[in-house]
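**Q** Read top to bottom, the protein sequences are chains A and B.
Taken in order, the first sequence gives residues 1 to 124; the numbers are from our numbering.
Taken in order, the second sequence gives residues 125 to 548; the numbers are from our numbering.
It is worth saying that the hints were derived from the structure and are not from the lab.
Built from N, CA and C at the ideal position, the CB exists for glycine as well.
Wrong hints could be hidden among the right ones.
[Stated by the list, open to error] Here are some, though not all, of the chain A residues that point toward chain B, as calculated from beta-carbon distances under 7 Å:
| no. | residue |
| --- | --- |
| 1 | 58 |
| 2 | 113 |
| 3 | 116 |
| 4 | 121 |
[Unchecked claim] Calculated from the model, a selection of chain B residues having no Cβ within reach of chain A, i.e. all distances over 12 Å:
| no. | residue |
| --- | --- |
| 5 | 217 |
| 6 | 263 |
| 7 | 297 |
| 8 | 336 |
| 9 | 409 |
| 10 | 458 |
| 11 | 483 |
| 12 | 543 |
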Amino acid sequence: MPLGPTLAPKVLASKTLTSWITPVANWYANLAGYRKYGLTYDDLLIEEYEDVQRAIKRLTPRQQYDRAYRFKRASHASVLHAPLAKEQWITPEQDVRYLAPHVREVEKEDAERAMWDTASVSRK
Amino acid sequence: MLAARASSQTVQRVARNFATVVDSAGVKVAAVDNNQPTSSVTFLVKAGSRFKPKAGVAHGLKNFAFKSTDKRTAIGIVRESEIYGGVLSASLSQEHLALTAELLRGNEEYFVDVLTSFVTSGRYTRHEFSEYVAPVVESEIEATKFNPGFQAVEAAHALAFHNGLGSSLMAPPHSSITHDDIKSFAQSAFTKDNIAVLGTGIDQATLSRLVEKSLSKISTASQLSSSASSYFGGETRLQAHGGPQTVFIGFGSAGAPSPELAALSAYLSPAPSVKWSQGTSPIATAIPEGTTVEVVHLPYSDASLFGLLVQGPTGATVKEAGIAAVQALKTAASGLKAEDLKKAVAKAKFAAASAVDSREGLVSVLGSKVLTGGESSLDSALASLDKVSESGFTKTTSALVKAKPVFVAVGDVATLPYINDLGL
Chain A
1 MPLGPTLAPK VLASKTLTSW ITPVANWYAN LAGYRKYGLT YDDLLIEEYE DVQRAIKRLT
61 PRQQYDRAYR FKRASHASVL HAPLAKEQWI TPEQDVRYLA PHVREVEKED AERAMWDTAS
121 VSRK
Chain B
125 MLAARASSQT VQRVARNFAT VVDSAGVKVA AVDNNQPTSS VTFLVKAGSR FKPKAGVAHG
185 LKNFAFKSTD KRTAIGIVRE SEIYGGVLSA SLSQEHLALT AELLRGNEEY FVDVLTSFVT
245 SGRYTRHEFS EYVAPVVESE IEATKFNPGF QAVEAAHALA FHNGLGSSLM APPHSSITHD
305 DIKSFAQSAF TKDNIAVLGT GIDQATLSRL VEKSLSKIST ASQLSSSASS YFGGETRLQA
365 HGGPQTVFIG FGSAGAPSPE LAALSAYLSP APSVKWSQGT SPIATAIPEG TTVEVVHLPY
425 SDASLFGLLV QGPTGATVKE AGIAAVQALK TAASGLKAED LKKAVAKAKF AAASAVDSRE
485 GLVSVLGSKV LTGGESSLDS ALASLDKVSE SGFTKTTSAL VKAKPVFVAV GDVATLPYIN
545 DLGL
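Chain A on its own, in the form it takes in the complex:
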């Protein structure tokens, strides 16, 4: 499961919970440091999963190019042992889940295939 379990929808459904947890979430995301290296959260999904591979193929050519560029820039920064210059950091607005919807779609298709593979048919 590349996406793993999440409580986010439940948190987002409640206004109070959202207002409590959002600052913590932002603090955690910034502390994780991937934004300083010019990556978005979806760049961290483990791409060795078959589902993620199929999802990556469904990105638009522009999204695929941008993803490759971010990886290249991040690995260069990693070689230099220093984060990028501050103006190159990914802002929270730029940190969108561009890959997760595709992964979810692929997971849904897999689940449906498994359902049909194991469905038992009875005559009405």
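Given chain A, put chain B in place with the hints provided.
**A** Same frame as chain A, but now just chain B:
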């Protein structure tokens, strides 16, 4: 035994025509029930390759058939149809796209729903286009490269009619069509006055009810248009290898297809009436061993293409067969003996009637007439063949061969003949 004989006498006369065409929610619905064990439902859409906002979209749309809709996913359609036991297919011609479901009696509700949900709510997703549709489109294009007969007839269409009917059935290789192009083409094609629903082995009332329920929400007027056909003619030579050497010699004419051409094609056709015999066609006896001549007669709504497809192992034999075929065509065009014409008309009538015997034939021959609102029966076609007279035949055929011919050579172009080598 007795019981069996008694029941066989009460079998109704098999209906060959769509008895009635009913407008149900603005869509033409026609059904015929011959008591066969299976049914079929075809959505005939005026969305053939001649209606093209962009080259190849019709081919793309054909391969998008039965992919995911708002109701079902692509795999859901495949698996559920398998469970019900049915066959879904899509076919494309120059003028029509046919979406067909063949099914066991009793499953109409499900299969009509599959067809209507594709027509009303196909999703045309980008990933389905790149994962399922584009590879099939490419492989179909690839397969035609090894079919010189198909290539020759396609090239002949392009030469004969330029745009409209001349546009290829196949998408161009390395085409730039996208899922969005196909989606907008589908939206402008799937409209009420553009669709005819044809059922065989299904009750008219049932089919109307099922269609009415779901097609009432689609828009009425079609936004697709194709310019009226006119005939041009010309010559081309295509280098190809691997297949037989092929030459197509054709003539076309704009306007409604005439029964005289059907008679001419029946007269010339070297296909024998008895297997392994030579047949009495003037072409069959004159061509060298190993070569074949096929008479191609393609009637469309506003034009027709008539031609001879000559194939053989070498350029020299094709040339010899081509000279014989052209000679036979010229002789026939200058007039036929009365008994020859009678024979030709009988053959043409049989061909027309036996085409309607099969389910696909019924849909392709009479379906277009249902769509245009014309008389959807075979009787008019047979009656018009009966009316073919010697003078009318000579007039039509001599006018046909006076036009500028279409000439296509596919194969080893260095050895294949030129048009003047064949006596034209």
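**Q** Hints first: check each against the structure and report whether it holds.
**A** Structure-based check of all given hints:
1. 58: holds (4 Å)
2. 113: Hint holds; residue 113 of chain A Cβ to chain B Cβ min 6 Å, cut 7 Å.
3. 116: Nearest chain B Cβ about 4 Å off; hint holds.
4. 121: holds (5 Å)
5. 217: holds (33 Å)
6. 263: Per Cβ check, residue 263 of chain B is outside 12 Å of chain A; nearest 19 Å; holds.
7. 297: holds (20 Å)
8. 336: holds (25 Å)
9. 409: Holds: least Cβ distance 58 Å, greater than 12 Å.
10. 458: Consistent with the label, residue 458 of chain B stays out of reach of chain A, its closest Cβ about 61 Å off (over 12 Å).
11. 483: holds (27 Å)
12. 543: Correct as stated: the minimum Cβ-Cβ distance to chain A is 47 Å, above 12 Å.
Figure legend: structure checked against the earlier numbered hints; every hint is met.
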